Amino acid sequence: MLTLLLDGHGELAEWRAAARTLLRASVPPERVEWRQRGGATGDLFGGQMEGSPLPPPDPQAPAATVPRAFLELAEAVICHSDPVRFALLYRLLWRLQGERALLEMRADADVVQANRLEKSVRRDAHKMKAFVRFKELPDGEGQPRRRFLAWFEPEHFIVGRTAGFFQRRFTDMDWIIATPKGTSSWDGQHLRFDPAPANKPDLRDAADDLWRTYYAHIFNPARLKVQAMQSEMPKKYWKNLPEADLIPDLIAGAEARVREMAARAASDPPAFHHRLRAREKAAGREGDT
Amino acid sequence: MKKTLKERLAILSDAAKYDASCASSGTERRDSGRSGGLGSTEGSGICHAYAPDGRCISLLKILLTNFCIYDCAYCINRSSSNVERARFSVEEVVWLTLEFYRRNYIEGLFLSSGIIRSSDHTMEELVRVARILRTEHGFRGYIHLKTIPDASPALIEEAGLYADRLSINIELPTDAGIDNFAPQKHPTRIRAAMGDLRLKIDAAAEPSFRGRRKRFVPGGQSTQMIVGVDGANDATILASSARLYGHYRLRRVYYSAFSPIPDASKALPLIKPPLLREHRLYQADWLYRFYGFAVEEITRTRPDGNLDLEIDPKLAWALANRERFPIDINRAEREMLLRVPGLGPRSVNAILSARAHKALRLEDLGRLGVSLRKVRPFIAALGWTPLRLVDRSDLRDLFAPKPEQLSLF
Chain A
0 MLTLLLDGHG
10 ELAEWRAAAR
20 TLLRASVPPE
30 RVEWRQRGGA
40 TGDLFGGQME
50 GSPLPPPDPQ
60 APAATVPRAF
70 LELAEAVICH
80 SDPVRFALLY
90 RLLWRLQGER
100 ALLEMRADAD
110 VVQANRLEKS
120 VRRDAHKMKA
130 FVRFKELPDG
140 EGQPRRRFLA
150 WFEPEHFIVG
160 RTAGFFQRRF
170 TDMDWIIATP
180 KGTSSWDGQH
190 LRFDPAPANK
200 PDLRDAADDL
210 WRTYYAHIFN
220 PARLKVQAMQ
230 SEMPKKYWKN
240 LPEADLIPDL
250 IAGAEARVRE
260 MAARAASDPP
270 AFHHRLRARE
280 KAAGREGDT
Chain G
0 MKKTLKERLA
10 ILSDAAKYDA
20 SCASSGTERR
30 DSGRSGGLGS
40 TEGSGICHAY
50 APDGRCISLL
60 KILLTNFCIY
70 DCAYCINRSS
80 SNVERARFSV
90 EEVVWLTLEF
100 YRRNYIEGLF
110 LSSGIIRSSD
120 HTMEELVRVA
130 RILRTEHGFR
140 GYIHLKTIPD
150 ASPALIEEAG
160 LYADRLSINI
170 ELPTDAGIDN
180 FAPQKHPTRI
190 RAAMGDLRLK
200 IDAAAEPSFR
210 GRRKRFVPGG
220 QSTQMIVGVD
230 GANDATILAS
240 SARLYGHYRL
250 RRVYYSAFSP
260 IPDASKALPL
270 IKPPLLREHR
280 LYQADWLYRF
290 YGFAVEEITR
300 TRPDGNLDLE
310 IDPKLAWALA
320 NRERFPIDIN
330 RAEREMLLRV
340 PGLGPRSVNA
350 ILSARAHKAL
360 RLEDLGRLGV
370 SLRKVRPFIA
380 ALGWTPLRLV
390 DRSDLRDLFA
400 PKPEQLSLF
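Protein chains in written order, with numbering that gives the first Met the number 0: chain A, 0 to 288; chain G, 0 to 408.
Hint data in this document are derived by calculation from the structure and do not stem from the laboratory. There may be inaccurate statements among the hints.
Pairs of lysine to any residue residues, derived as SDA-like cross-links and limited to a Cα-Cα distance of at most 20 Å, are as follows [said to hold, decoys possible]:
hint, chain 1, residue 1, chain 2, residue 2
1, G, Lys271, A, Gln226
2, A, Lys235, A, Arg121
3, G, Lys5, A, Arg203
4, A, Lys128, A, Arg167
5, G, Lys213, G, Arg197
6, G, Lys184, A, His272
7, A, Lys224, G, Pro272
8, G, Lys2, G, Arg84
9, G, Lys184, A, Arg278
10, A, Lys128, G, Leu371
11, A, Lys128, A, Trp237
12, A, Lys238, A, Gln226
13, A, Lys280, G, Ile115
14, A, Lys224, G, His278
15, A, Lys118, G, Asn348
16, G, Lys184, A, Gly283
17, A, Lys128, G, Gly36
18, G, Lys271, A, Val225
19, A, Lys118, A, Asp81
20, A, Lys118, G, Arg366
21, A, Lys134, A, Lys199
22, A, Lys128, G, Ser31
23, A, Lys134, G, Leu37
24, A, Lys128, A, Tyr236
25, A, Lys118, G, Gly368
26, A, Lys235, A, Leu249
27, G, Lys265, G, Tyr17
28, A, Lys134, G, Lys5
29, G, Lys271, A, Arg258
30, G, Lys184, G, Lys271
31, A, Lys238, A, Arg122
Short derived list, chain A residues pointing at chain G, Cβ under 7 Å [as the list claims (entries may be wrong)]:
hint, residue
32, Val111
33, Gln112
34, Ala206
35, Arg211
36, Tyr213
37, His216
38, Phe218
39, Ala221
40, Arg222
What you are looking at is a predicted structure, and each value in this text was computed from that prediction instead of being measured. Note that the Cβ used here is the ideal one computed from N, Cα and C, for glycine as well.
Chain A extracted, bound-state conformation (with noise of 0.2 Å):
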């Protein structure tokens, strides 16, 4: 048995280099485990923990080559923080060499198991993109760019994988986006990740009183639909969110205003309605001579 030690921190040339050493050397997955350092098994054997010697390569193996479907798929499943993930990906490239067709064979348990992780990177990611709020560094002044920075708890390993979007949508500010699982930033030259955790910054931004006072007016308490919303925003992205602490609120308040609505007789036209329909009035008058 060999045992494998990975950072996992979601990029895939990692796991690439070990895999195409083991296939190369005709390492059958039944004969590998994979490991994350700093995961729930290596802590227990705390830093003494090392992987095995990679086996030299056997003259004998063919090629290796696999499907450009199978290298998309193992971008985004690599980036999901189930350990199993690494185990995964090699059995699918060991069955590969033989089943070509592997990944259309949509109801095959492997397949439809990285489908799964790779659809839940997927909506982690897009959630990302989504959920991120700036906050405006103060400190800013003088300079020749405006400074923001994020807060943001991913559920797996996309912060590197997302960089290139925020890179090219806020291209022309420097940014920093922080995350328990490694920090991206940019700075108009370079686009940088690093894996290391970082902590919480304490941060106030004053745009966000606008834009929570926009939050509240746009929902319309005749509609409450609270299920609708939490399935598309989960709470555990909440406590990031500025406008969140917010939603309570608006839904105990929901029901009486309604009433209200309700139960207020329509009043009086303003002023300058009675004049405008005046004036549409001489106006249809005059079209009709």
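Based on the hints, put chain G in the right spot on chain A.
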């Protein structure tokens, strides 16, 4: 005393919330990577927050002003309402959009306005906001502008250069309804505006002699219909949508259940908004656009021309056309698979891909993420025939919700 920016933001977002559209999808892909500016759009939109009404908040959806010379009965901003009035300057809207965007609250701006002075004056102000965002600030985020009825063609032309999407609301499904409840609006002129815009969009899509296409409203045009104001049934509403999709090639028709508004008109009942009906209309709209159903097929199932509220329109169609089932999932063509209740385009694709390699059993469908409870009566698979289950007289009861759940609506 002049209201603060925050107070006016409150008023002018209250004034905008009855427009259902907040989509930021369907436009071109672009970003600021090379220009060094601000903003990008991907093929699919992003919802940056959800309000407790379950609606996506993707755009800063506000009115430039809620002063309005029109008096449409269903509208919170009609001239006869005593709702508080306010206006933004063009510069304030530009500032709010950019500052909201930089903090990643939004994908962009959806700007509409009450009609002040004249249609052209109002449209000019909307266009000026978009022009400043695009040309002075290099903003590449999403912009949706409302087209003001009767605005001049030159202004629409310019709006189309900056906006990802333009929309003009038809509001009610019949001309009689519009005459009744929106006396200053003219349905023929609204349709003429949609027709003109369609021609402009088509013309821009024609490659020039250099083979280049002009960028013009890449996200197309959309409209909204309010449900539950006039007496129109669902068949009338959906037929009206089908015409709008067909004649003017709209990207989306939004349905908005009429909901109580502050200081409502006496002409309209303040009832709970018909949310379930709105939901069924969206489902029917989807069947029309993505599942190959004709509107009449969907609306024929009930004599009153309304959709069944208890079960979704696809299931209602299947129950009314039982002789077409069961469908063999290992042989049926895509068009027929799409008609099976419980199968969507994604699961149909998965089935087509998987069955090329082996004959599928029910368990295989389960692994593809299909709900067996829903599809089982309607399909045949390897080792499974539904034993004329579709002839069961209680089939509807298998799916219809229990009565106590209905009392909610």
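Here's how the hints hold up against the structure:
{"no.": "1", "hint": "Lys271/G to Gln226/A", "result": "holds (18 Å)"}
{"no.": "2", "hint": "Lys235/A to Arg121/A", "result": "holds (17 Å)"}
{"no.": "3", "hint": "Lys5/G to Arg203/A", "result": "holds (18 Å)"}
{"no.": "4", "hint": "Lys128/A to Arg167/A", "result": "holds (12 Å)"}
{"no.": "5", "hint": "Lys213/G to Arg197/G", "result": "holds (14 Å)"}
{"no.": "6", "hint": "Lys184/G to His272/A", "result": "holds (16 Å)"}
{"no.": "7", "hint": "Lys224/A to Pro272/G", "result": "holds (12 Å)"}
{"no.": "8", "hint": "Lys2/G to Arg84/G", "result": "holds (10 Å)"}
{"no.": "9", "hint": "Lys184/G to Arg278/A", "result": "holds (16 Å)"}
{"no.": "10", "hint": "Lys128/A to Leu371/G", "result": "violated (34 Å)"}
{"no.": "11", "hint": "Lys128/A to Trp237/A", "result": "holds (15 Å)"}
{"no.": "12", "hint": "Lys238/A to Gln226/A", "result": "holds (18 Å)"}
{"no.": "13", "hint": "Lys280/A to Ile115/G", "result": "holds (18 Å)"}
{"no.": "14", "hint": "Lys224/A to His278/G", "result": "holds (12 Å)"}
{"no.": "15", "hint": "Lys118/A to Asn348/G", "result": "holds (16 Å)"}
{"no.": "16", "hint": "Lys184/G to Gly283/A", "result": "holds (15 Å)"}
{"no.": "17", "hint": "Lys128/A to Gly36/G", "result": "holds (18 Å)"}
{"no.": "18", "hint": "Lys271/G to Val225/A", "result": "holds (16 Å)"}
{"no.": "19", "hint": "Lys118/A to Asp81/A", "result": "holds (13 Å)"}
{"no.": "20", "hint": "Lys118/A to Arg366/G", "result": "holds (14 Å)"}
{"no.": "21", "hint": "Lys134/A to Lys199/A", "result": "holds (13 Å)"}
{"no.": "22", "hint": "Lys128/A to Ser31/G", "result": "holds (16 Å)"}
{"no.": "23", "hint": "Lys134/A to Leu37/G", "result": "holds (16 Å)"}
{"no.": "24", "hint": "Lys128/A to Tyr236/A", "result": "holds (12 Å)"}
{"no.": "25", "hint": "Lys118/A to Gly368/G", "result": "holds (12 Å)"}
{"no.": "26", "hint": "Lys235/A to Leu249/A", "result": "holds (19 Å)"}
{"no.": "27", "hint": "Lys265/G to Tyr17/G", "result": "holds (18 Å)"}
{"no.": "28", "hint": "Lys134/A to Lys5/G", "result": "holds (19 Å)"}
{"no.": "29", "hint": "Lys271/G to Arg258/A", "result": "holds (10 Å)"}
{"no.": "30", "hint": "Lys184/G to Lys271/G", "result": "violated (26 Å)"}
{"no.": "31", "hint": "Lys238/A to Arg122/A", "result": "holds (18 Å)"}
{"no.": "32", "hint": "Val111", "result": "holds (5 Å)"}
{"no.": "33", "hint": "Gln112", "result": "violated (10 Å)"}
{"no.": "34", "hint": "Ala206", "result": "holds (5 Å)"}
{"no.": "35", "hint": "Arg211", "result": "violated (10 Å)"}
{"no.": "36", "hint": "Tyr213", "result": "holds (5 Å)"}
{"no.": "37", "hint": "His216", "result": "holds (4 Å)"}
{"no.": "38", "hint": "Phe218", "result": "holds (4 Å)"}
{"no.": "39", "hint": "Ala221", "result": "holds (4 Å)"}
{"no.": "40", "hint": "Arg222", "result": "holds (4 Å)"}
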